[in-house]
Amino acid sequence: MARSAKTALVLCLDVGFSMSNSATGQEPPFQQAKKVIQKFVQRQVFAENKDELGLVLFGSDNTKNNLAKDDQYQNISVHRHLMIPNFELLEEIQNDVQPGSQQADCILPLADHSSLLQGKKYERLNIVMLTDLNTPSSPDQLDIIIGNLKRAGITLQFFLPFPVDGGGSNPPHGGKALSREQQQGLEMTKKVMMSLDEEDGLEEVYTFSDAIEKLSVFKRVEKRPMAWPCTLTIGSSLSIKIVGYKAVCEERPRKSWSVVDAQTHQKDDIKRDVVYCLNDDEETEVQKDDTIQGYRYGSDIVPFSKVDQDQMKYKTDGKSFAVLGFTKQSMVIQHQFVGTQVLKVFAPKDDEHAGVALSGLIRALDDLKMVAVVRYVYARNGNPQVGAAFPCIKEKYECLVYVQLPFMEDLRQYSFPSLENNKKYTPSEDQLSAVDSLIDSMMLVEEDGEKKDLFKVNHIPNPQYQRLFQCLHHRAVNPSVPLPPMDPWLTTALQRPLAVATRCQAPLETLKKKFPLKEVVKKKELKTSKELFGNSCLGTGRSASRAVWEWVGLHH
Amino acid sequence: PEMWNVLVARLLHASMAQWNDYHHEDEDVDGEERDESGVDYTSTGRDSLVFLVDASKEMFIKGEDEEPSPFDMTMQCVRSVYTSKIISSDKDLVALVFYGTEQSKNPRNSFKHVYIYHDLDLPGARRVQDVDGLRGEKGAQVAGETMGSGNTNLGEALWCCSNLYSDIKLRLSHKRLMIFTCRDTPHGGDGERDRQARTKASDLKETGVVIDLMHLMKPGGFDVSLFFCDVVSPPEDEAELGLQMEPCGKLEDLQKRVRAKEMKKRSVARLNLCLGEGMNVAVGVYITALQARKPNAIKLYRDNNEPVRTKTRLYHTQTGSLLLPSDTKRVQVYAGRQIVMEKDEVDVIKKFSDPGLELIGFKPMERLKLHHHLRSAVFIYPEEEMVTGSACVFTALLRRCSERNVFALCKYTRIRNSPPRFLALVPQKEEVDDGQAQIVAPGFHGIFLPYADDIRTLDTPQLPTASESQVDKMKEIVHKLRFKYRSDAFENPVLQQHYRNLEALALDLMAPEHIEDLTMPNVNMMDQRLGSLAQEFRDLVYPADYNPEGKTAPKRKPAEAAGGTEKKPKVEMSEDELRGHVQKGNLGKLTVPVLKDACKQFGVKVTGTKKQELIDALTAQLTK
Chain A
1 MARSAKTALV
11 LCLDVGFSMS
21 NSATGQEPPF
31 QQAKKVIQKF
41 VQRQVFAENK
51 DELGLVLFGS
61 DNTKNNLAKD
71 DQYQNISVHR
81 HLMIPNFELL
91 EEIQNDVQPG
101 SQQADCILPL
111 ADHSSLLQGK
121 KYERLNIVML
131 TDLNTPSSPD
141 QLDIIIGNLK
151 RAGITLQFFL
161 PFPVDGGGSN
171 PPHGGKALSR
181 EQQQGLEMTK
191 KVMMSLDEED
201 GLEEVYTFSD
211 AIEKLSVFKR
221 VEKRPMAWPC
231 TLTIGSSLSI
241 KIVGYKAVCE
251 ERPRKSWSVV
261 DAQTHQKDDI
271 KRDVVYCLND
281 DEETEVQKDD
291 TIQGYRYGSD
301 IVPFSKVDQD
311 QMKYKTDGKS
321 FAVLGFTKQS
331 MVIQHQFVGT
341 QVLKVFAPKD
351 DEHAGVALSG
361 LIRALDDLKM
371 VAVVRYVYAR
381 NGNPQVGAAF
391 PCIKEKYECL
401 VYVQLPFMED
411 LRQYSFPSLE
421 NNKKYTPSED
431 QLSAVDSLID
441 SMMLVEEDGE
451 KKDLFKVNHI
461 PNPQYQRLFQ
471 CLHHRAVNPS
481 VPLPPMDPWL
491 TTALQRPLAV
501 ATRCQAPLET
511 LKKKFPLKEV
521 VKKKELKTSK
531 ELFGNSCLGT
541 GRSASRAVWE
551 WVGLHH
Chain B
557 PEMWNVLVAR
567 LLHASMAQWN
577 DYHHEDEDVD
587 GEERDESGVD
597 YTSTGRDSLV
607 FLVDASKEMF
617 IKGEDEEPSP
627 FDMTMQCVRS
637 VYTSKIISSD
647 KDLVALVFYG
657 TEQSKNPRNS
667 FKHVYIYHDL
677 DLPGARRVQD
687 VDGLRGEKGA
697 QVAGETMGSG
707 NTNLGEALWC
717 CSNLYSDIKL
727 RLSHKRLMIF
737 TCRDTPHGGD
747 GERDRQARTK
757 ASDLKETGVV
767 IDLMHLMKPG
777 GFDVSLFFCD
787 VVSPPEDEAE
797 LGLQMEPCGK
807 LEDLQKRVRA
817 KEMKKRSVAR
827 LNLCLGEGMN
837 VAVGVYITAL
847 QARKPNAIKL
857 YRDNNEPVRT
867 KTRLYHTQTG
877 SLLLPSDTKR
887 VQVYAGRQIV
897 MEKDEVDVIK
907 KFSDPGLELI
917 GFKPMERLKL
927 HHHLRSAVFI
937 YPEEEMVTGS
947 ACVFTALLRR
957 CSERNVFALC
967 KYTRIRNSPP
977 RFLALVPQKE
987 EVDDGQAQIV
997 APGFHGIFLP
1007 YADDIRTLDT
1017 PQLPTASESQ
1027 VDKMKEIVHK
1037 LRFKYRSDAF
1047 ENPVLQQHYR
1057 NLEALALDLM
1067 APEHIEDLTM
1077 PNVNMMDQRL
1087 GSLAQEFRDL
1097 VYPADYNPEG
1107 KTAPKRKPAE
1117 AAGGTEKKPK
1127 VEMSEDELRG
1137 HVQKGNLGKL
1147 TVPVLKDACK
1157 QFGVKVTGTK
1167 KQELIDALTA
1177 QLTK
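As you go down the protein sequences, you meet chains A and B in turn. Note that the numbering used here has the first sequence beginning at 1, numbered continuously upward. Note that the numbering used here has the second sequence beginning at 557, numbered continuously upward.
Simulated from the structure, these hints should not be mistaken for lab results. Incorrect hints may have been included.
The following label-pair restraints were derived from C-beta to C-beta distances [as the list claims (entries may be wrong)]: (1) B:Asp910 - A:Asp197: 25 to 33 Å; (2) A:Glu450 - B:Asp910: 32 to 40 Å; (3) B:Lys907 - A:Lys456: 34 to 42 Å; (4) A:Pro163 - B:Arg1042: 38 to 46 Å; (5) B:Val996 - A:Lys513: 56 to 64 Å; (6) A:Pro163 - B:Arg960: 47 to 55 Å; (7) A:Asp200 - B:Gln1091: 43 to 51 Å; (8) A:Glu27 - B:Asp910: 25 to 33 Å; (9) B:Asp883 - A:Pro488: 32 to 40 Å; (10) A:Arg151 - B:Gly1141: 27 to 35 Å; (11) B:Lys907 - A:Asp280: 40 to 48 Å; (12) A:Asp143 - B:Asp1015: 32 to 40 Å.
Even glycine gets a Cβ: it sits at the ideal position worked out from N, Cα and C.
With the rest of the complex left out, here is chain A (with noise of 0.2 Å):
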């Protein structure tokens, strides 16, 4: 897998006074700013990806920086030179990076990419402004820092403490009006962004808050995504070249924990041992040589050496995508897709005939609404799978969706008893309207307009690593400090929206009142206790045993 381009991406923090300014109540931009810095090093230090990270200060009480010269280009800070980041970025983030005294042009610090490079090459380059465009700006260089911008292929990112549609005199959020400073450079930054990109330039002017909410935001590099060329056949005469590509895959971090010493913090002070003994009362212990494969079956114990094993065993003659039939899309059913991942499946790109003949599955299948039914072989030693192909046509694209379909043997059909025909259970009209309100109130999408969705689900980081690395970035900086408390955003992030919960009060109110709920207390409770007291007990057994490991270990 060949690792993804060089790139390079540049922060430039507004450290100027203004930075530090905030209503009350509200947390000063600076502030806001560099926990956006933060989070966004902290990701790619656990990402662990090459691209090199500079920063640099504007507004900040020194200079220090190539162009610099008499009154020009001053209180600008080259504070790190294109690297790749680690903990003492971080570290100097936390500690040495403090709001300034001075004002710094926003513009100009653009104009310095040149020594920041250094003469080394990158792939792409991007620059990310953090500031409050609270400066007196030069529009006279403006053109030409554009120019040099596109010349050089650089991107540009603008993180503002406010929306950049929301500008003119109202004040955005309750906050404090836009001064005639920043109105003058939102219109600034919105020409060099839109002279950028005329279409999506405005998109990639974000504020704080949102950076901070949905890490998202800031341009990921990702693992270049492993393509699977293979050829999907239907009967023996017709065969389209495809490319398969992973699309929906639960992401696992990339590092597992290792155990260490506890004193010594190394690893090779540890060694795991496994000992094989016979089931008698000595504990006999024999040597793995002496021991060979085997399989239970039933009540059957069946030695089955690994050899004869691979040699008896399923065999697939290669990669496949062979079409078994077709049927109709309602017979696969959502829930019983099985496997761990999704594929979508294209033509190769340079393959313009494969493109045609796909599309012509793909549309007959969409027209029909019908799928096709492949065995699915990854590669020659890989198990056969038996999965759905779904037609799939966006506005920029066409593919087949792959999901894994279950076999027999992985169904378990369970019947469980009816609850419509129980009358014990069945609701009166009441409680049906009840939990109709309840639904009104509750509903994440918004039916009137654009239907703006309160809830995306796949626009949230997994919180399980968002919290990993706060967590790892915390001890990796305070080694001897307990662990802090999850990240507020996170929490919010994971909640019904505030919306959502405020409007659903008076529903679930009367929905509380007319469907009386009593928890059962049972015996089981008591088994619960005694699980407790078994707990207990397994403690006084850990010492004991520890005792008697003690004892192993002396005779060892």
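Fit chain B to the supplied structure of chain A, relying on the hints for placement.
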């Protein structure tokens, strides 16, 4: 369509031939969070199942159109339960007892006309073979010779079965007895024997045995009310129309009915579905589809083929003393810095909220995307025994969600230290077949939704699209190859082969039974069905000189064709080369196997198998 139906029939046949249940192997489990099937069987005791089969003459009468006899059908059923127990729940005990026989075989032979074919024990290869011997024409003959058909005394038979249970030393958690018969008045009006049977049945039920009737088709209909209504256990709920159920005429129906009863439903979690503060509905979370995998191999002692136990010990390399878990800590290395945490901290980081389902809100069904799939769905059903009133709220919610075509979005925390996942709760209304048997259970399907990290951005190729005539030609092709998909139509050939192999070894067979690989396309039939259509489509989309089978990786083919599983010869890397890679920081360009070889070559110890871990280990070693 005739020919196509042959394929369909073949698929259906497979589903009847054998069905198995799941088992689970923690293969790529990274933390317990994955382990959805975490049901603790050890604390609950063994499950047991007794087949009590009528062996009277009536059971051996074949149906119309060469339908198998009730006895034959029953034996096929018993066989598939045996094999499924072996594969899925190898701790469960099963017994096979015949009544209405001429011969008697039971301890002390105190019960006349009761023949214990298999007492309560784990099924094994030999037992499967025994049952096979009772199938078909030949099986009927064998049954006639060994057991014969004689008087019927169901009371004695039930008494004999109750002894089976009491002779078992193990703790039994779930006790089930299934009566297979096609006679609704087994004692032919003998009131005394009827009474005795009822008494014995109620004794059994009192000790916790659940008695089911698997009644088979009989000319003139099977009238449950004549006798059996007092023998079997009352239905699970008042609405279950168990007694009105039609008798089974088909093997498939019988298997379905046995299958539904034979497995004890076990929830992976019982927790609260919180609709809002103070509104908690108790629900059970079940798994209805889970990938069955080959079980782990066990280690046996060479001399006696007995399983050995493995003990893992941690000890200190310097002092040699054994270490307790508390003598260790956990680390991860990032950007060259070692970050240390206690084991407890590592666990507690994963805790977000207490176990439960928390309602976030509702969305219209069209917001649920087909390609938002991460793992098998779960099934949610109310637990009235935990919170009374739950079933009513649940039913109301289910009904309105279904009618309004919305799903409920919930945050799901399975156990204390499992990080949250979001589920789309999709309403599922109950469906029953003509015989009032349940096809689909009522409840919510919980579909796991992906987070932002789980969705990958792809560079989509820009390619021309098909014209209308091309699409129409493909539609003809699609039309020709239509079939009715059924989720239980495909067996897993890898598993089937594995178990056939084990069976053959256990029974000393010359060769394992042949398996039919239903995942292979039936190319001949497809070609026949398509006729000239394939060529016509090709002519429409491909130019004459285009070869759609052209190799994308031509170099590898000859090696593969030369056959054999020979691996590529290992290319050893010189230390200088490797150091060069380390210095330039492009170890990442090497493949995992190459990295692993390099680790071996330079004696680098690696704990993990992840690429980054290999790279870290090599870098650490070579920069020392």
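Within 40 to 48 Å: is that where the Cβ-Cβ distance between Lys907 of chain B and Asp280 of chain A falls?
Once the Cβ atoms are compared, 42 Å apart, the range 40 to 48 Å for Asp280 of chain A and Lys907 of chain B holds.
- Task: Mind checking the hinted window 25 to 33 Å against the Cβ distance between Asp910 of chain B and Asp197 of chain A?
- Result: This hint is violated: roughly 47 Å between Cβ atoms.
task: Mind checking the hinted window 38 to 46 Å against the Cβ distance between Pro163 of chain A and Arg1042 of chain B?
output: At roughly 53 Å between Cβ atoms, Arg1042 of chain B and Pro163 of chain A fall outside 38 to 46 Å, so the hint is violated.
Could one say that the CB atoms of Lys907 of chain B and Lys456 of chain A fall in the range 34 to 42 Å?
Roughly 25 Å apart at Cβ, these two residues miss the hinted range, so it is violated.
Check your understanding: Between Glu27 of chain A and Asp910 of chain B, is the Cβ distance one that fits in 25 to 33 Å?
Key -> holds (31 Å)
>> 47 to 55 Å was suggested as the range; check whether the CB atoms of Pro163 of chain A and Arg960 of chain B agree with it.
In response: About 35 Å separates the Cβ atoms of Pro163 of chain A and Arg960 of chain B, which means 47 to 55 Å is violated.
Check: Within 27 to 35 Å or not, the Cβ separation of Arg151 of chain A and Gly1141 of chain B?
Finding: Holds: the Cβ-Cβ distance is about 30 Å, inside 27 to 35 Å.
Given a hinted range of 32 to 40 Å, is it respected by the beta-carbon distance of Asp143 of chain A and Asp1015 of chain B?
With Cβ atoms ~33 Å apart, the hint holds.
Worksheet entry | Cβ distance range 56 to 64 Å for Val996 of chain B and Lys513 of chain A, holds or violated | At 33 Å between Cβs, range violated.
Subject >> Asp883 of chain B versus Pro488 of chain A beta-carbon gap, inside 32 to 40 Å or not >> reply: Cβ of Asp883 of chain B to Cβ of Pro488 of chain A: about 36 Å, so the range 32 to 40 Å holds.
field: Cβ separation of Glu450 of chain A and Asp910 of chain B, checked against the hinted range 32 to 40 Å
entry: Holds, at about 37 Å.
Practice item. Using the beta carbons of Asp200 of chain A and Gln1091 of chain B, state whether their distance is inside 43 to 51 Å or not. Key: holds (46 Å)
Of the numbered hints stated above, those contradicted by the structure are hints 1, 3, 4, 5, 6, listed in ascending order.
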